[in-house]
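Asker: Residue numbering for the sequence shown follows UniProt numbering, beginning at 1 and increasing consecutively.
Derived by calculation from the structure, the hints in this document are not laboratory data.
This one's a predicted model, so the numbers in the text were calculated from it and none came from an experiment.
Note that beta-carbon positions come from the ideal geometry of N, C-alpha and C, so glycine has one too.
Please note: incorrect hints may appear among the correct ones.
As the list claims (entries may be wrong) - Computed spacing ranges between beta-carbons, pair by pair: (1) 83 / 39: 16 to 24 Å; (2) 18 / 55: 30 to 38 Å; (3) 56 / 91: 30 to 38 Å.
What the hints assert, rightly or not - DMTMM-like, lysine to aspartate or glutamate: derived pairs with alpha carbons at most 20 Å apart: (4) 100 / 15; (5) 100 / 87; (6) 100 / 12; (7) 100 / 80; (8) 100 / 23.
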Amino acid sequence: MEALAQRLVPDEMWEAVRPLLPDVPPRPQGGGRAAADARRVMVAVVYVVTSGCAWQHLPSSFGVSVPTAHRWFTRWSGADLWRRLSETTSGIPALAAWTKVIHECAARRVHP
């Protein structure tokens, strides 16, 4: 799984995307579980949007629940993360094409 995670979200891409991630909003009622690991969620979301996998078929080996992955995808899409990531990495040859694909695939998921 680690090799797949590195291909989906390489370290260089993670360093570019991390500052762009919106803050996880606090729960109004307080308490609850700790927030999921953002990189694990990113890997799961990138897998779903680029593979064409249905959300409900996200393999459990990603370590992220389907509702969590979908909720974060929705939050990130609302924050225009995919476009911003594509723009941020456009000058990095090793990442530009891949992040453009992610942006295009994510846009199709948001606006089918």
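Asker: What are the numbers of the hints the structure violates, in ascending order?
Answerer: Numbers 2 and 8, in rising order.
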